[in-house]
Amino acid sequence: MAEETRLKVRIDREKCQGHARCFALAPELFELDEKGNGRERGDGTVAPELEDKAYLARANCPEFAIDVVEDESK
Amino acid sequence: MSRPPPVRDWATDFDHRDPRWIENPYPIWEELRRSCPIARTERFAGAYFPSRYADVKAIAYDTEHFSSRRIIVRETRPPLIPAPPITSDPPAHRPAKQVLLPAFTPEAITRHEPRARDICRTLIARFAGKGGCDAATEYAQEIPVRVIAHMLGVPEQEGDLYRKWIHEILELGITDIQAALRASDEMIAYFAGHIAERRARPRDDLINYLVNVRVEGRALSDEHINGTLRLLLIAGIDTTWSAIGSCLWHLAGHPEDRRRLAAEPALMPSAVEEFLRAYAPVTMAREVVKETQINGCTFTPGHMVLLSFPAANRDPAEFREADRVVLDRKENRHAAFGLGIHRCVGSNLARMEIRVALEEWLKRIAEFRLDPKAPVTWSQGTVRGPRRLPLLFQG
Numbered sequence: 084m085a086e087e088t089r090l091k092v093r094i095d096r097e098k099c100q101g102h103a104r105c106f107a108l109a110p111e112l113f114e115l116d117e118k119g120n121g122r123e124r125g126d127g128t129v130a131p132e133l134e135d136k137a138y139l140a141r142a143n144c145p146e147f148a149i150d151v152v153e154d155e156s157k
Numbered sequence: 028m029s030r031p032p033p034v035r036d037w038a039t040d041f042d043h044r045d046p047r048w049i050e051n052p053y054p055i056w057e058e059l060r061r062s063c064p065i066a067r068t069e070r071f072a073g074a075y076f077p078s079r080y081a082d083v084k085a086i087a088y089d090t091e092h093f094s095s096r097r098i099i100v101r102e103t104r105p106p107l108i109p110a111p112p113i114t115s116d117p118p119a120h121r122p123a124k125q126v127l128l129p130a131f132t133p134e135a136i137t138r139h140e141p142r143a144r145d146i147c148r149t150l151i152a153r154f155a156g157k158g159g160c161d162a163a164t165e166y167a168q169e170i171p172v173r174v175i176a177h178m179l180g181v182p183e184q185e186g187d188l189y190r191k192w193i194h195e196i197l198e199l200g201i202t203d204i205q206a207a208l209r210a211s212d213e214m215i216a217y218f219a220g221h222i223a224e225r226r227a228r229p230r231d232d233l234i235n236y237l238v239n240v241r242v243e244g245r246a247l248s249d250e251h252i253n254g255t256l257r258l259l260l261i262a263g264i265d266t267t268w269s270a271i272g273s274c275l276w277h278l279a280g281h282p283e284d285r286r287r288l289a290a291e292p293a294l295m296p297s298a299v300e301e302f303l304r305a306y307a308p309v310t311m312a313r314e315v316v317k318e319t320q321i322n323g324c325t326f327t328p329g330h331m332v333l334l335s336f337p338a339a340n341r342d343p344a345e346f347r348e349a350d351r352v353v354l355d356r357k358e359n360r361h362a363a364f365g366l367g368i369h370r371c372v373g374s375n376l377a378r379m380e381i382r383v384a385l386e387e388w389l390k391r392i393a394e395f396r397l398d399p400k401a402p403v404t405w406s407q408g409t410v411r412g413p414r415r416l417p418l419l420f421q422g
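Chains A and B, in that order, are what the protein sequence lines are. Going by the working numbering, the first residue of the first sequence is number 84, and it counts up by one from there. Going by the working numbering, the first residue of the second sequence is number 28, and it counts up by one from there.
To be clear, the hints were calculated from the coordinates, so they are not data collected in a lab. The structure presented is a predicted model; accordingly, all values stated were derived computationally and were not measured. Each hint should be verified, as a subset may be incorrect.
To be verified - Here are the simulated DSS-like cross-link-like pairs (lysine-lysine), alpha carbons at most 27 Å apart as the crow flies: (1) K136/A - K98/A; (2) K357/B - K390/B; (3) K98/A - K400/B; (4) K136/A - K118/A; (5) K157/B - K400/B; (6) K390/B - K400/B; (7) K98/A - K118/A; (8) K357/B - K98/A; (9) K136/A - K91/A; (10) K91/A - K357/B; (11) K136/A - K357/B; (12) K91/A - K118/A.
Unchecked claim - For the chain A half of the interface with chain B, some residues (derived, Cβ under 8 Å), not all of them: (13) T88; (14) L90; (15) H102; (16) A103; (17) F106; (18) E111; (19) G125; (20) A142.
Claimed, not checked - Between beta-carbon pairs, the in silico distance windows are: (21) G186/B - E111/A: 34 to 42 Å; (22) A290/B - R124/A: 31 to 39 Å; (23) D36/B - P131/A: 40 to 48 Å; (24) Y88/B - R124/A: 21 to 29 Å; (25) A142/A - G220/B: 43 to 51 Å.
Beta carbons: idealized from backbone N, C-alpha and C, even for Gly.
Please model the complete structure; the sequences and the hints are all you need to start from.
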């Protein structure tokens with residue numbers, strides 16, 4: 084476990100326009116606010132079994148608002 | 028329908044009313060992408076047509092040089108008729124858009140799904156035993172009109188009236204501006220009546236919500252409410268009707284996709300996105316308000332830009348096998364609902380209606396084909412979709 088790198092997803096709120104593709108494709112990782120704009124759930128940490136979904140959400144965001152990054156702190 | 032002079036050269040004289048463009052615009056756009064990615068025309072008092080995804084995106088994001096105050100390319104520049112937020116630029120755009128968003132989130136739209144499903148089943152029951160139907164007029168066009176009428180709180184039975192206005196504003200009105208202005212006046216009077224009625228007798232609908240809502244402590248003006256209602260009615264009907272029609276047209280002509288979708292219902296969400304990409308119905312427009320250059324082309328103030336999200340969606344630089352429908356396409360950043368601040372407020376509603384319309388159709392009519400004896404006809408102008416779609420199936 085010690086050397087394992089976790090991924091994190093992050094939505095740039097300035098870029099997000101509420102297409103809601105992330106929530107449709109990976110509801111485990113993203114939620115929508117009362118206006119329908121996306122945000123990452125919790126601190127955005129991606130469980131290993133959800134890594135494909137994180138990349139899928141990124142590949143379907145028309146505004147390029149989703150980042151998938153390696154979490155250095157873990 | 029008006030007949031403009033035939034196009035001499037697509038790069039310097041394009042016209043989206045040309046019968047070749049209406050019938051099958053994709054080869055024209057493909058050629059332009061290769062030879063002259065931003066086409067021009069002296070028609071419409073001057074207009075541009077960017078055919079590549081990157082240029083469409085750059086213009087959609089650039090609200091400084093490209094205004095939304097005019098969003099339809101017409102032969103003349105009629106008086107401005109605001110329909111916020113679609114005709115709004117920053118900073119007025121944001122509050123006008125924000126106020127609508129809560130009614131159109133995926134969660135809010137889920138509440139309308141059972142009704143949409145009922146509508147689809149009722150329509151299908153009328154023709155399922157007859158061996159054929161016009162899927163554009165007997166099915167696709169009737170679904171969104173009833174759903175949006177219910178949401179707004181206007182009579183579902185007045186669909187013919189709503190479609191008449193839409194035809195006059197979006198199609199006839201490209202050439203005959205008087206027809207568009209007349210229809211617009213009729214809509215203004217129609218909704219003024221509804222607004223006054225809600226003030227007297229409140230109801231639980233979107234009109235009432237807009238009458239009561241406060242933005243930074245202030246009520247919206249009647250002019251603003253009226254403009255927004257006209258927008259919701261027009262945008263809520265024509266677009267999704269066209270999308271549903273295009274999906275059924277594709278499935279009628281592609282048995283392998285039809286059978287796969289019927290056999291694998293889990294494919295539906297990605298299939299809907301792919302149909303939206305390949306057959307995006309909506310082309311918007313912008314008015315150049317400040318000179319600028321994009322991709323080597325100078326945009327002159329006063330000219331219009333035909334902002335084709337459908338063309339962007341077919342750009343092979345952005346989409347692998349862009350002209351092929353791939354039901355399980357994994358990477359699909361299509362621009363069917365626009366890009367940037369003007370992302371379609373009804374996108375979640377449209378997605379739900381398309382999905383439900385296809386699910387209910389395929390459950391009842393799994394096998395169907397185009398009627399070889401009756402031609403498919405397509406709309407012209409801002410919204411692309413079949414207006415006659417004669418299909419045959421086992422009665």
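Hints and how they fare:
Note on K136/A and K98/A: the hinted pairing holds, with a Cα-Cα distance of about 20 Å set against a maximum of 27 Å. With a C-alpha separation of about 25 Å, the suggested pair K357/B and K390/B falls inside the 27 Å cut-off, and the hint holds. The straight-line distance between the Cα atoms of K98/A and K400/B is roughly 49 Å, outside the 27 Å bound, and the hint therefore fails. Under the criterion of a C-alpha separation no larger than 27 Å, the hint pairing K136/A with K118/A is consistent with the structure, at around 23 Å.
For the hint pairing K157/B with K400/B, the CA-to-CA distance comes to about 17 Å; that is within 27 Å, so the pair holds. Distance restraint check for K390/B and K400/B: the Cα-Cα separation of roughly 26 Å lies within the 27 Å cut-off, and the hinted pair is therefore satisfied. Our distance criterion of 27 Å between C-alpha atoms is met by K98/A and K118/A, whose separation comes to about 15 Å. Annotation: proposed proximity of K357/B to K98/A holds, straight-line Cα distance about 22 Å (limit 27 Å).
The hinted pair formed by K136/A and K91/A meets the criterion: a straight-line CA distance of about 12 Å does not exceed 27 Å. Annotation: proposed proximity of K91/A to K357/B holds, straight-line Cα distance about 21 Å (limit 27 Å). Straight-line distance between C-alpha atoms of K136/A and K357/B comes to about 11 Å, which keeps the hinted pair within the 27 Å bound. For the given pair, K91/A sits about 24 Å from K118/A by alpha-carbon distance, which is consistent with the 27 Å threshold.
Residue-level restraint check for T88/A is violated (minimum Cβ-Cβ distance to chain B is 24 Å; threshold 8 Å). Of the supplied interface hints, the one on L90/A is violated, with its beta-carbon coming no nearer than about 18 Å to a beta-carbon of chain B, more than 8 Å. A distance limit of 8 Å between C-beta atoms decides the matter here; for H102/A the minimum to chain B is near 6 Å, and the interface restraint holds. For A103/A, the suggested interface contact is upheld, since its CB lies about 6 Å from the closest CB of chain B, less than 8 Å.
A hinted interface residue such as F106/A counts as satisfied when its beta carbon comes closer than 8 Å to some beta carbon of chain B; here the least separation is about 7 Å, so the hint holds. Annotation: E111/A was flagged as interfacial toward chain B, and the flag is violated, the nearest CB pair being 15 Å apart, outside 8 Å. The restraint placing G125/A at the interface with chain B is violated, with a minimum CB-CB distance near 19 Å, outside the 8 Å limit. The interface hint given for A142/A holds, since its Cβ lies 4 Å from the closest Cβ of chain B, which is under the 8 Å cut-off.
About 40 Å separates the C-beta atoms of G186/B and E111/A, a value consistent with the hinted range of 34 to 42 Å. A C-beta distance of roughly 33 Å is found between A290/B and R124/A, which places it inside the suggested range of 31 to 39 Å. The hint said 40 to 48 Å for the Cβ distance between D36/B and P131/A, and at roughly 56 Å that hint is violated. Range check, Y88/B to R124/A: about 28 Å between beta-carbon atoms, so the 21 to 29 Å window is met.
The hinted range of 43 to 51 Å is satisfied by A142/A and G220/B, whose Cβ atoms lie roughly 48 Å apart.
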